[in-house]
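Peer 1: Sequence:
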Amino acid sequence: MKQKKIPLRMCVITRERCEKKELLRIVRTPDKEVLIDEGGKQNGKGAYLKKDIEVINKARQNKILDKVLEIEVPENIYDEMIKKI
228 MKQKKIPLRM CVITRERCEK KELLRIVRTP DKEVLIDEGG KQNGKGAYLK
278 KDIEVINKAR QNKILDKVLE IEVPENIYDE MIKKI
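Going by our numbering, the sequence shown opens with residue 228, and the numbers climb by one from there.
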């Protein structure tokens with residue numbers, strides 16, 4: 228049998244390639260709204276963060292998601308990400 232391909236994505240903070248299930252996807256929708264995409268199918272520009280509190284805090288400090296998504300990410304999104312871990 229053929230092995231199923233495991234999709235890899237890169238964390239915007241650590242630059243590590245990880246399986247999708249080890250990452251959180253943050254999306255800027257076409258309506259300029261920022262969401263946490265749990266299903267991985269949300270339409271819009273996305274960025275991946277490793278499911279690690281230190282990585283999320285570093286993203287908050289550096290405002291890296293603001294740069295990648297080209298929009299200001301609300302503070303409550305970071306709090307929501309920490310709860311989901």
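Keep in mind the hints are simulated off the structure, nothing from the lab. Watch out, some of these pointers could steer you wrong.
With a straight-line cut-off of 27 Å between C-alpha atoms, the simulated BS3-like cross-links for lysine-lysine are [as the list claims (entries may be wrong)]:
#1 K268 - K248
#2 K272 - K232
#3 K290 - K231
DEER-style ranges, computed between Cβ atoms [as the list claims (entries may be wrong)]:
#4 M228 - K311: 29 to 37 Å
#5 K259 - M228: 15 to 23 Å
#6 E281 - M228: 36 to 44 Å
#7 Q269 - I312: 24 to 32 Å
#8 E297 - K231: 31 to 39 Å
#9 K247 - K285: 41 to 49 Å
#10 K232 - P301: 29 to 37 Å
#11 N289 - M228: 21 to 29 Å
#12 E265 - K285: 15 to 23 Å
Note that the Cβ used here is the ideal one computed from N, Cα and C, for glycine as well.
Peer 1: Work down the list of hints and note, for each, if the structure agrees.
Peer 2: The hints, checked one at a time:
| no. | hint | result |
| --- | --- | --- |
| 1 | K268 - K248 | holds (13 Å) |
| 2 | K272 - K232 | holds (23 Å) |
| 3 | K290 - K231 | violated (36 Å) |
| 4 | M228 - K311: 29 to 37 Å | holds (34 Å) |
| 5 | K259 - M228: 15 to 23 Å | violated (45 Å) |
| 6 | E281 - M228: 36 to 44 Å | holds (39 Å) |
| 7 | Q269 - I312: 24 to 32 Å | violated (19 Å) |
| 8 | E297 - K231: 31 to 39 Å | holds (34 Å) |
| 9 | K247 - K285: 41 to 49 Å | violated (21 Å) |
| 10 | K232 - P301: 29 to 37 Å | holds (35 Å) |
| 11 | N289 - M228: 21 to 29 Å | violated (44 Å) |
| 12 | E265 - K285: 15 to 23 Å | holds (22 Å) |
Of the numbered hints stated above, those contradicted by the structure are hints 3, 5, 7, 9, 11, listed in ascending order.
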